[in-house]
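Visitor: Read off the chains here:
Number of protein chains: 2
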Amino acid sequence: MHRIRKGRVELRCWYLGAVVAWLLSAGPALAAPVTGHAAPDMLPVLAALALILVSARLGGALFERFQLPTVLGELAAGVLLGNLGLVGFHGLDSMRTVPTVEAFAQIGVLFLLFQVGLASDIGKLAAVGLSATLVAVLGVMVPMLLGFGVSTAFLHGQSPLTHWFVGATLTATSVGITARVLGDLKRTTSIEGRIILGAAVIDDVLGLIVLAVVSGLIAAANAGRAFDATGLALIVAKAIGFLGVAVVAGRWLSRVTFRFAARLPGEGMLVSFALAFCFLVSFLAGRAGLAPIVGAFAAGLVLEDVHYQALRARDAKKRDLNELLEPLSGFLVPVFFVLMGMSVNLAAFATPGVLGFAALLTLAAVLGKQACAAGVLGGGVDRLAVGLGMIPRGEVGLIFASIGRTLTLNGERVVNDTVYAAVVVMVAVTTLVTPPLLVWRLRRG
Amino acid sequence: MHRIRKGRVELRCWYLGAVVAWLLSAGPALAAPVTGHAAPDMLPVLAALALILVSARLGGALFERFQLPTVLGELAAGVLLGNLGLVGFHGLDSMRTVPTVEAFAQIGVLFLLFQVGLASDIGKLAAVGLSATLVAVLGVMVPMLLGFGVSTAFLHGQSPLTHWFVGATLTATSVGITARVLGDLKRTTSIEGRIILGAAVIDDVLGLIVLAVVSGLIAAANAGRAFDATGLALIVAKAIGFLGVAVVAGRWLSRVTFRFAARLPGEGMLVSFALAFCFLVSFLAGRAGLAPIVGAFAAGLVLEDVHYQALRARDAKKRDLNELLEPLSGFLVPVFFVLMGMSVNLAAFATPGVLGFAALLTLAAVLGKQACAAGVLGGGVDRLAVGLGMIPRGEVGLIFASIGRTLTLNGERVVNDTVYAAVVVMVAVTTLVTPPLLVWRLRRG
Numbered sequence: 008m009h010r011i012r013k014g015r016v017e018l019r020c021w022y023l024g025a026v027v028a029w030l031l032s033a034g035p036a037l038a039a040p041v042t043g044h045a046a047p048d049m050l051p052v053l054a055a056l057a058l059i060l061v062s063a064r065l066g067g068a069l070f071e072r073f074q075l076p077t078v079l080g081e082l083a084a085g086v087l088l089g090n091l092g093l094v095g096f097h098g099l100d101s102m103r104t105v106p107t108v109e110a111f112a113q114i115g116v117l118f119l120l121f122q123v124g125l126a127s128d129i130g131k132l133a134a135v136g137l138s139a140t141l142v143a144v145l146g147v148m149v150p151m152l153l154g155f156g157v158s159t160a161f162l163h164g165q166s167p168l169t170h171w172f173v174g175a176t177l178t179a180t181s182v183g184i185t186a187r188v189l190g191d192l193k194r195t196t197s198i199e200g201r202i203i204l205g206a207a208v209i210d211d212v213l214g215l216i217v218l219a220v221v222s223g224l225i226a227a228a229n230a231g232r233a234f235d236a237t238g239l240a241l242i243v244a245k246a247i248g249f250l251g252v253a254v255v256a257g258r259w260l261s262r263v264t265f266r267f268a269a270r271l272p273g274e275g276m277l278v279s280f281a282l283a284f285c286f287l288v289s290f291l292a293g294r295a296g297l298a299p300i301v302g303a304f305a306a307g308l309v310l311e312d313v314h315y316q317a318l319r320a321r322d323a324k325k326r327d328l329n330e331l332l333e334p335l336s337g338f339l340v341p342v343f344f345v346l347m348g349m350s351v352n353l354a355a356f357a358t359p360g361v362l363g364f365a366a367l368l369t370l371a372a373v374l375g376k377q378a379c380a381a382g383v384l385g386g387g388v389d390r391l392a393v394g395l396g397m398i399p400r401g402e403v404g405l406i407f408a409s410i411g412r413t414l415t416l417n418g419e420r421v422v423n424d425t426v427y428a429a430v431v432v433m434v435a436v437t438t439l440v441t442p443p444l445l446v447w448r449l450r451r452g
Numbered sequence: 008m009h010r011i012r013k014g015r016v017e018l019r020c021w022y023l024g025a026v027v028a029w030l031l032s033a034g035p036a037l038a039a040p041v042t043g044h045a046a047p048d049m050l051p052v053l054a055a056l057a058l059i060l061v062s063a064r065l066g067g068a069l070f071e072r073f074q075l076p077t078v079l080g081e082l083a084a085g086v087l088l089g090n091l092g093l094v095g096f097h098g099l100d101s102m103r104t105v106p107t108v109e110a111f112a113q114i115g116v117l118f119l120l121f122q123v124g125l126a127s128d129i130g131k132l133a134a135v136g137l138s139a140t141l142v143a144v145l146g147v148m149v150p151m152l153l154g155f156g157v158s159t160a161f162l163h164g165q166s167p168l169t170h171w172f173v174g175a176t177l178t179a180t181s182v183g184i185t186a187r188v189l190g191d192l193k194r195t196t197s198i199e200g201r202i203i204l205g206a207a208v209i210d211d212v213l214g215l216i217v218l219a220v221v222s223g224l225i226a227a228a229n230a231g232r233a234f235d236a237t238g239l240a241l242i243v244a245k246a247i248g249f250l251g252v253a254v255v256a257g258r259w260l261s262r263v264t265f266r267f268a269a270r271l272p273g274e275g276m277l278v279s280f281a282l283a284f285c286f287l288v289s290f291l292a293g294r295a296g297l298a299p300i301v302g303a304f305a306a307g308l309v310l311e312d313v314h315y316q317a318l319r320a321r322d323a324k325k326r327d328l329n330e331l332l333e334p335l336s337g338f339l340v341p342v343f344f345v346l347m348g349m350s351v352n353l354a355a356f357a358t359p360g361v362l363g364f365a366a367l368l369t370l371a372a373v374l375g376k377q378a379c380a381a382g383v384l385g386g387g388v389d390r391l392a393v394g395l396g397m398i399p400r401g402e403v404g405l406i407f408a409s410i411g412r413t414l415t416l417n418g419e420r421v422v423n424d425t426v427y428a429a430v431v432v433m434v435a436v437t438t439l440v441t442p443p444l445l446v447w448r449l450r451r452g
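In order, the protein sequences belong to chains A and B.
Yeah, the first sequence ends on 452 if you go by our numbering, and it's all consecutive.
Yeah, the second sequence ends on 452 if you go by our numbering, and it's all consecutive.
Calculated directly from the structure, the hints in this document are not laboratory data.
PhoX-like mimics (lysine-lysine), calculated; alpha carbons at most 20 Å apart, straight line:
1. B:Lys324 / A:Lys324
2. A:Lys324 / B:Lys325
3. A:Lys325 / B:Lys324
4. A:Lys325 / B:Lys325
Since we're looking at a predicted model, the values are computed, not measured.
Let the sequences and hints guide you as you build the complete structure.
Guide: Structure (structure tokens):
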């Protein structure tokens, strides 16, 4: 004991000496004499990551306190950070374009779609059958047509392809938000719940196909190639084909991979092989001309719990993949949403017509999904609840919009600041109104 | 049930159709028409990450099977991937320089040092008292002098600073490897175990100070400034000063941060705030002219379990920080070691004298640490066991060497291919011989 206490006293003296030395050393001659050995670009990355993580959590907590979805808070934190220039503070402007941070965000969105894929499963997708498929098809087509109409009315002089792209951002229901609300109300297994979840999964896939088609047509038009029906059919075939091959070959690959990994000694096999699998399928999707997120979703869809039971049994805490992925997505997914928010240019709202465009786009998004009610077959189902449950757009709409920002048509960005700002408003409003509306309808039933 | 089965049949047909569509779509006209919308640089990143993760685990598993440390297997996998050019395969050459992958590796090594810091604690550091400090000081000084001597004898025409840098790579004992061997033998709390672990922590800090001093002197010399004793003293003061301030202010900051975070609603607070804290202190270390890893270690050292008890209690599984960080480091730490291995140029061994240099450097590393035995005060302690326990160099030696590769002196890299190859051999051999030697000595006692 004496030795311990003596050690502590020594250590305290050492602190004091150190603090004094630190204060003494603060001469300008010393300004970063050793910076040469830090990988030169890591410091901005570290600062940006620390700031983004804290802002995301603060924004999320603030929204959570008012019973609003966390994801909106992260988005709002990003909008705030990205628009400090409006009040004259430009210290963070460089943060928007740190390529490493963007890469982290991209990996984050892969993790998100991988987890959505893991949470969905092919059996459930099939079990809800025809109703879910019809709901999904109507829920993709009607909002897309309405979005096309709104865009045509507001954005003059743009190519029809741009209008179709705007329509495409209205297609996909956010599985995450819907699932969370249904879970909170313990209605996940109700008939309405199963139809909504099944349809949300299917319309994710349909939305990704729509995205592939529209993006492909834009890329073709941009390269000066003509719009041709064969090309369209081939793109659709390719998109469905990739998913089909990914599903069939991916199930086999997943089973084989984890059976092999289970024979290897050592720890941490489950996370590494699951991530490698996700990255590989995402890479293949990209090579096949689809967005890498399609691959990540497919990887999650085909990876089933039974494939890795042997590996899970070896884990000291018997953690499943979702539990292991949670810290990874907890780190990187907020980076994606904060960066998404940061790319919203609030100054765009000053442009005449943007607010009206955003309002009509949001209306198209909400009303368009009410067509889903017509897709429900048989009786005893609360059709309005299904329509309301399909409203939230969330992350997929934002991902579509962010992809649109990387596409150009006749030298202009397909998703310009106006469209992007309007899509963010649409996502925010649809995400915001769904929880109260769905709670009201389901509690009433 | 009928509906489910019908759904499955439909789904199977859908697969078949999809596969056919996929096969039909494989025309050259379709080659990646949609690639425009994938963030253009993500595909190489995804491919590299998938390959690195799998190779790391395969290498680790192979070494584990022969009862060798996993980290060596990851290194070996990297050496293999990085030297496929020797057998005429250059397909992976571009992988070495994907900046995003390098950034992931850098974040990985931060996680590693953060976890080492978390595993150490200031109380234990103080409790082992004078013995550990003496053991650490001897274990830093003697290998450094021997390394300087070996480098002087072998590397003709180099600046003395280069020789000191080579000496510096021999200083730091790998806490991780030592701790793992002691834990496997259940000797962590024995008197020898506590002295070794305490000394390993202290010599990490001493090693980082030595690194800061030598790097600072090299940077000064490179900028044409003279070697001056005041500059040396100031660098030492600054290095100790940063750690002192980080320890005193960091403990307070950590307590305040997590007390604040505990009041915020929402999930995932613990991981986000811990990572933000780690990134912030690493950033500050970098801004103070130290390596960011020093900051990550300091962040782990001051972050104590009690600071986040309230947050941990809220977690559904009551996970501590180490458990939450495990998937993150499981993902990124192997990336660091594989990249380290990839930067070993096997062709360097063809240069006359490299093997002799590597052998003598390894000998200096092993014998130098036996001086530690003289630092143990009092009786009843197995001094040889302490000396053997201090042998493994592991990650810190590699980190030093990788930092040396970024430093130049008179237009040449301080750590050239020869030195780097020799350091890797030294790390591999010291890491390899310690487990059997320590097991032999402690079982005998």
